[in-house]
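Colleague: Below are the chains, spelled out letter by letter.
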Amino acid sequence: MLEIRDLRATAGDIEILKGINLTVNRGEVHALMGPNGSGKSTLAQVLAGHPSYQVTSGSVIYEGQDLLDMEPEERAQAGVFLAFQYPVEIPGVSNAYFLRAAYNEIRKSKGLEEIDSMDFIDLLEEKLKVVEWGPEIMSRAVNSGFSGGEKKRNEILQLALLEPKLAILDETDSGLDIDALRIVAAGVNKLRSPDRAFVVVTHYQRLLNYIVPDFVHVLSNGRIAMSGGKDLAHELEAKGYEWVEAASAAAAGAGA
Amino acid sequence: MSEAVLQRLDIRAGTAIAEGPDWLEPVRRAAADHFAKVGFPTSRDEEWRFTPVGPIAQGTWRPSPGVAAGVSADRLAPFVFGQAEWSTLVFVNGAYSEALSRILELPQGVRAGSLAEALRGDDAVLRTHLARHAPIDGSPFTALNTAGFRDGGLLHVPAGLDLERPVHFVHVTTPDATGTAIHPRNLIVIERGARASVIESYVTLAPDGVYWTNPVTEVAAAAGSWLEHTRIQRESERAHHVGLTHVDQERDSHYRSFSMAMGGALARHNLHVRLNDENIETLMYGLYLTRGEQVVDNHTAIFHDQPNCRSWEVYKGVLDGRSRAVFNGKVFVQPEAQKTDAKQTNRNLLLSDLARVDTKPQLEIFADDVKCTHGATVGRLDDVALFYARSRGVPREAAERLLTYAFAAEVIEEVALEPVRNELDRLVLDRLEARRGGAAGRG
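Just so you know, the protein sequences line up as chains A and B, in that order.
Sequential numbering from 0 applies to the first sequence in numbering that gives the first Met the number 0.
Sequential numbering from 0 applies to the second sequence in numbering that gives the first Met the number 0.
Coverage of chain A stretches by chain B, computed from C-beta distances (three or more under 8 Å per stretch; other residues unrestricted):
| # | stretch |
| --- | --- |
| 1 | 43 to 49 |
| 2 | 62 to 76 |
| 3 | 90 to 99 |
Computed list of chain B residues with no C-beta within reach of chain A, every gap over 10 Å:
| # | residue |
| --- | --- |
| 4 | Leu23 |
| 5 | Gly120 |
| 6 | Arg323 |
| 7 | Pro418 |
Chain A is faced by these chain B residues, among others (derived, beta-carbon under 10 Å):
| # | residue |
| --- | --- |
| 8 | Asp382 |
| 9 | Tyr387 |
| 10 | Arg389 |
| 11 | Ser390 |
| 12 | Leu401 |
| 13 | Tyr404 |
| 14 | Phe406 |
No lab work stands behind these hints: they were computed from the structure.
None of these values were measured; they are calculated from a predicted model.
Note that beta-carbon positions come from the ideal geometry of N, C-alpha and C, so glycine has one too.
Please model the entire structure based on the sequences and the hints provided.
Modeller: If you want it as structure tokens, here you go:
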């Protein structure tokens, strides 16, 4: 589904991704871990087409298409979804209006008819259950005045509604208390399916107790320094990121 | 020169001064004399520095023709939203049209109708309030209106009554208005403890018409009254519109204004609110949508003369093309006005590199125990917000429209009456839709 080859990207003059290689198949859940500044959030945002980053080399093939050649909306329409680390507040537009606009744009891109507001309300009611929410949230302005937990739940609600093929969660656990974390993680688990892949970016192993990954990758200094199964997350928790950096430096030294 | 303007507009020799009750005659004469003395403002005048009125001052305007023939209710349909539910008073080229107006049953004692009609009798409400609130020396345009007005909307809600359903004054121009000057005069008197909602619209059936509207609206909000006042200015984009709304508020009253401006080659609205007693609340919201070569100016002034009052002001603008907006917000807090709570915000969204804003908060505070803040911003759509919408599948242009709409909708939300909110929403969406058509046309 997703083939990332030697991906390099900069923010301004600073190179952040220094040659990422990663393959994700449908149905798989990949965790991307790593210390602050290792590039894991940048990778998530580059995949969604964030305008602050410039890809300087490498390729990303998604479902046979050159992802890097697509506009952010085309990526979304093709089934790529990024749950933001810092969801944007949009005062003045209700959550319902925004979600319906997004839902209809994706339908339009597939040549389907737009859904009317009554049918949309029925659909939403179903999706709201995924994040254990009542309908009140829909009349509030998008993320405006939402708590950190509410914002993250709103991202998962959007994920449930838009039904992407590839869902990238960028530090969805940051700023969540234990109850919100449980709801968000349960929402994600309900959305796991053999057709859908997840890339879960997180700093802490805690989230991975709830969303159990098939693969864990550890980023260090813009590269994937180590990959393994779900046990790698536990090992990291015990040994800390210095361990990966030391191991990776040693490997680089051995290779040189 | 200024005398010549008065002559040409039939204000000296014509019937405007002769008509009406005796008590009004000296007021009109004083107003005409004031205008003759000061004339039109120039850009050397601080109040008009950013808004050159040359196109008005140099025009050779004729008096307005009054009601035009051939205006059908159908043609007014796009402007009389809510007509089925509330009373609508229609003024065509400055004169009341009974045929086009529709007055629903009003609570006993409430009067809604033509000011000119009321002036034919000896009316205590008019004697007390008409031309008693808006000072003639406040602006040459106000003086000219006071000297020359013929008609406009009158609403009087007696003490303790709830108007329940709004009253809509619709001032419409037709192609017959081309080359003329119209001076609509509205009077809104809300007595002690009464409640009302008023909508005041300036619209046109001549979208390319060159004319000049010079309205003045006086509002008297008595103790304990509640009034929502929405002003919608949708003149021709080649017309000129210079208007004043003057509000006098008494103890415990609540006045909320929403001023929408989207028409006019040169459009100016002054909103002056005087807080004459304690425990008054004043909310002033505004939205201006400009494009092409439009110059749209909002000047607000709030006079905190007494303690324990609150004023809250938010004006927002969306500017496109080579248009220009001016915002000037004055807040005067007198030494007596302790515990004043005043907040002013002006935010501008530029859709074009060529659009320009001159924004100037002007706080003059002479009391020490007050909370007064102000803020002004001028900016573009936020890149991260655009990316957020696009990452949900919304294409760039639609995302820009969505966020622009959101920017405007945030202030429209403050309107209490839902049908008015819906109409304002529609106007914004229509304007954004027109922009899309225009952009496509330009390729």
